[in-house]
Amino acid sequence: MNKNSVAGNNSGESLKRALFDNKVIIMLVVLCFACILIADTNVSYIASEVFTRFGRNTCLVLALIIPCLAGLGMNFGIVIGATAAQIAIFWVVHWGFTGIFGFLLCVVLCTPLALVFGYLLGKLYNKTKGAEMITGLVLGFFADGLYRLFVLYIIGGVIPYDDPNLLDRGFGLRNAFDLTGNIKYALDDISFLTVLALVSILMILSTLAVSLHDKKKGNPMDSKKIGIRLVTGAAVLVFSFVARMIPITNQLFGGTRLIFTDAALFGGLGLILYGIMGFLIRRSKGEKGPGKAIGTAVLGGLLMAGTVIAPVREIYQSIQLPAAAYAVICIFCMFNNWITNTRLGQNMRTVGQSRSVATSAGINVDKTRIIATCISTVLAAWGQMIFLQNLGTFNTVQQQSNVGLYAVAAILVGGATVQKANNKQAVIGVFLFHTLFVVAPLAATKVVGDSAISEYIRMFISYGIIAVSLAMHAWKSAGGNKNKGADAQTAAAVAVTSGASDLPDSSS
Amino acid sequence: MTKEKFKKAIDVIGLPRLIVFCFFIAIIITAYVNGINVPSFFSSTIKYWGMWCVLVLAMIPTIKCGIGPNFGISLGIVCGILGTLLAIEFEITALVDGMVPGLGPWVAMLFAMVISAAVAWLVGIGYGKLLNLVKGSEMTVTTYIGYSVIYLMCIVWFRAPFSSGEIIWNLGGKGVRNSVSMESSFGNLLNDAFGFYIGGESGIYIPTGLILFCLLMCLVVHLYFKSKTGLAIAASGSNPTFARASGINVDKMRVKGIAMSTMLGAVGIVVYNQGFGFLQAYGAPLQMGFLCVASVLIGGATTTKATILHVIIGTFLYQGLIIFTPPVSNELLAGTDISDTMRQIIQNGVILYALAKAKGGSSHE
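Chains W and D, in that order, give the protein sequences.
With my numbering applied, the first sequence has no gaps in its numbers, which climb one by one up to 508 at the end.
With my numbering applied, the second sequence has no gaps in its numbers, which climb one by one up to 1365 at the end.
For the record, the hints were derived by calculation from the structure and aren't laboratory data.
Worth double-checking, as some hints may not be accurate.
To be verified - No more than 30 Å apart at the CA atoms, straight line, and that leaves these computed lysine-lysine pairs for BS3-like:
id : chain 1 : residue 1 : chain 2 : residue 2
1  : D       : Lys1005   : W       : Lys123
2  : W       : Lys225    : W       : Lys292
3  : D       : Lys1008   : W       : Lys367
4  : D       : Lys1135   : W       : Lys123
5  : D       : Lys1252   : W       : Lys476
6  : W       : Lys127    : W       : Lys367
7  : D       : Lys1357   : W       : Lys127
8  : D       : Lys1357   : W       : Lys367
9  : D       : Lys1135   : D       : Lys1226
10 : D       : Lys1305   : D       : Lys1252
11 : W       : Lys420    : D       : Lys1129
12 : W       : Lys420    : D       : Lys1135
13 : W       : Lys367    : D       : Lys1135
14 : W       : Lys127    : D       : Lys1008
15 : D       : Lys1357   : W       : Lys476
16 : W       : Lys446    : D       : Lys1174
17 : D       : Lys1357   : D       : Lys1135
18 : W       : Lys123    : W       : Lys367
19 : D       : Lys1008   : W       : Lys420
20 : D       : Lys1305   : D       : Lys1357
21 : W       : Lys476    : D       : Lys1135
22 : W       : Lys367    : D       : Lys1007
23 : D       : Lys1135   : W       : Lys127
24 : W       : Lys225    : W       : Lys285
Could you build all of it, start to finish, from the sequences and the hints given here?
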């Protein structure tokens, strides 16, 4: 009942539990550090590489969360979403659209395609309930075959595609598809100030829309909250325009990339202010203890301190953040959270926990699963667009084939399981997985003395992580099904020994 | 009425099987019409049938013991590669040939098979114990274990301490080279044994030794599943509850089935390598598991039911399709090879169909 006192009495036990719950993450962190020590390379290089990869890959990983919620497990079928994005790119480049407009056109074109693919995938998943993951995997290979047929024989062969520069021998696209000069960095090159302006406009509009909607329905409104939101939005909007005029801020925030030093300086300042404000509010409400607010402030302080310490500053300086891509990642995260809290999201959760319960509660199980798959496929298509515009050139036939593998490995590294995944796990997972992805080959090359081994190491890490975590998960759930009574007993025993009077949340 | 009958007939035969069969017939007819040398391609089909037969046969034990097709056959495959490499490393062919001329290759092959089967048996038992822990999601887990093992072994091959000049890289140093020639050990041994042509030198070549060996392995598997243990394995696969009630240790039987499958995979890759003439260590076996699964499914198996006849028919149809498509597509589409794409679509389409069929009944859980 009183969790605080229990935790206080048994801080050792709770620490143990925390360590056990995060064993995958801890293992990976240790592994990453070991590899960094062995590789003995420039940390700035690793940091900048990891942040680039983070901006590139995270959206694809975030596409996995909703199907997981609906009980579909890890959706290896996001490969077909990536395929949709690539097909859209072929035509947009062919028509000669460039820059952000070309990028947006790609997004608009690939969405209906991804919806159709997602619908078909959902239908298939409904036919193979309980074996979705292997189905998704095999379907990925199957779709690869169809896509290859399309790219190598149908484009230019059946469908007219008059572009000798892109075609290989009269029909079929060339093996490498170059995006330089058309949509490479289309999204990444948007400056931070533009992103701020867009976000603030979005914030103002959404606040207005919500308040109008509430007014129509006659719901009670929190006018103070709406006011704060509107004022903040307007202030940010004004700042984004004024900053353009001032040379210093324009230099800091108006460029195509945001240097991490600046971001850390101002972000850290913001975090400190936010933390102190939160602390003061807590105090004014009469609550005791430091709470989370102090942690936030300390984090901000650390971030800022880094800008003064020379070696850290050097690392900071090498990291260049594409503001728009990171903003899209935030929007994806917010979207996932929002869906989870809607009625649809609740239905998905019910379906994910038990299909029979969902059916008896009047939820259309098959339809809910199809919707989840569609959302995932569309998000994957957009994610692949972000990936490709950052990469700049891609392998026409094979680029999409490993999308599912890397995304699933990343989210599992973050501590997600087949049944439970959230944004936090996705973000942590991408960081850890890609750090390992960068440093493990370096370390292996150092040890073995031959760089040819790095590809094997990468593939082994990806497949190995998935194999181990799937096996561990299946082991747990198989054991749980076999003797639920015994499980409950052990859980109770654990609860008694740890002195907790209520069962831990994770068991529910 | 007739429509219903028709539907039922298709259900019995299976849609993908029907499509693949018709496709195969159509391709052979097209080949004839276009003046392609059909007998020589038939010879290759028979040769490749023999090379793949034992590998595909490895699917039978796992399907019978209720795990479904063994996507993780790569585990057996790497054991077989290890055995073959050891046989080359110890130069068994030359060693035995020095004592009894002509016997060398046979002893080397036997050595490779026995060593790899023994290793595979041990690996298979561990693997089976693992799969007993993950009941219900075996197919996903086996696929990923299969993949990760291949890449793990890639790292091992890269620095394996072999010393034979046949195995290590040309420039010297350590590690296994990309493709190791088997000419000096037992390459093409079974293919050439008692081989003869039907209809002269340009006719169909029958690799008698290979066919006999495959049939022998089929017979062994058949007899095994007629034995007491084999029946127990089949029973624990088809109805675990009933099997448990009649005193069968289901988990133990599953382990036995998986170990047997892994062993067959190890022997199968030895047979494959001798027929291919080269041993390919690194990424080559990556998709072999899928190919084997698709073969047995094309032959008429489902994820819960498979017979030796399914293996024989399925391997023949699939290999025939793979071998006949390139020349025909070359002829029809003016110098393009569409066969790899076709293979990918057919192979995975067949597996998808089987998955959809297998789980279709449980949609109202």
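Going down the list of hints, with the structure as the test:
no. : hint                  : in the structure
1   : D/Lys1005 - W/Lys123  : holds, 27 Å
2   : W/Lys225 - W/Lys292   : holds, 22 Å
3   : D/Lys1008 - W/Lys367  : holds, 29 Å
4   : D/Lys1135 - W/Lys123  : holds, 25 Å
5   : D/Lys1252 - W/Lys476  : holds, 20 Å
6   : W/Lys127 - W/Lys367   : holds, 12 Å
7   : D/Lys1357 - W/Lys127  : holds, 8 Å
8   : D/Lys1357 - W/Lys367  : holds, 20 Å
9   : D/Lys1135 - D/Lys1226 : holds, 26 Å
10  : D/Lys1305 - D/Lys1252 : holds, 20 Å
11  : W/Lys420 - D/Lys1129  : holds, 26 Å
12  : W/Lys420 - D/Lys1135  : holds, 20 Å
13  : W/Lys367 - D/Lys1135  : holds, 28 Å
14  : W/Lys127 - D/Lys1008  : holds, 20 Å
15  : D/Lys1357 - W/Lys476  : holds, 28 Å
16  : W/Lys446 - D/Lys1174  : holds, 16 Å
17  : D/Lys1357 - D/Lys1135 : holds, 20 Å
18  : W/Lys123 - W/Lys367   : holds, 9 Å
19  : D/Lys1008 - W/Lys420  : violated, 42 Å
20  : D/Lys1305 - D/Lys1357 : holds, 12 Å
21  : W/Lys476 - D/Lys1135  : holds, 10 Å
22  : W/Lys367 - D/Lys1007  : holds, 28 Å
23  : D/Lys1135 - W/Lys127  : holds, 20 Å
24  : W/Lys225 - W/Lys285   : holds, 18 Å
Hint 19 alone, counting from the list given before, is not met by this structure.
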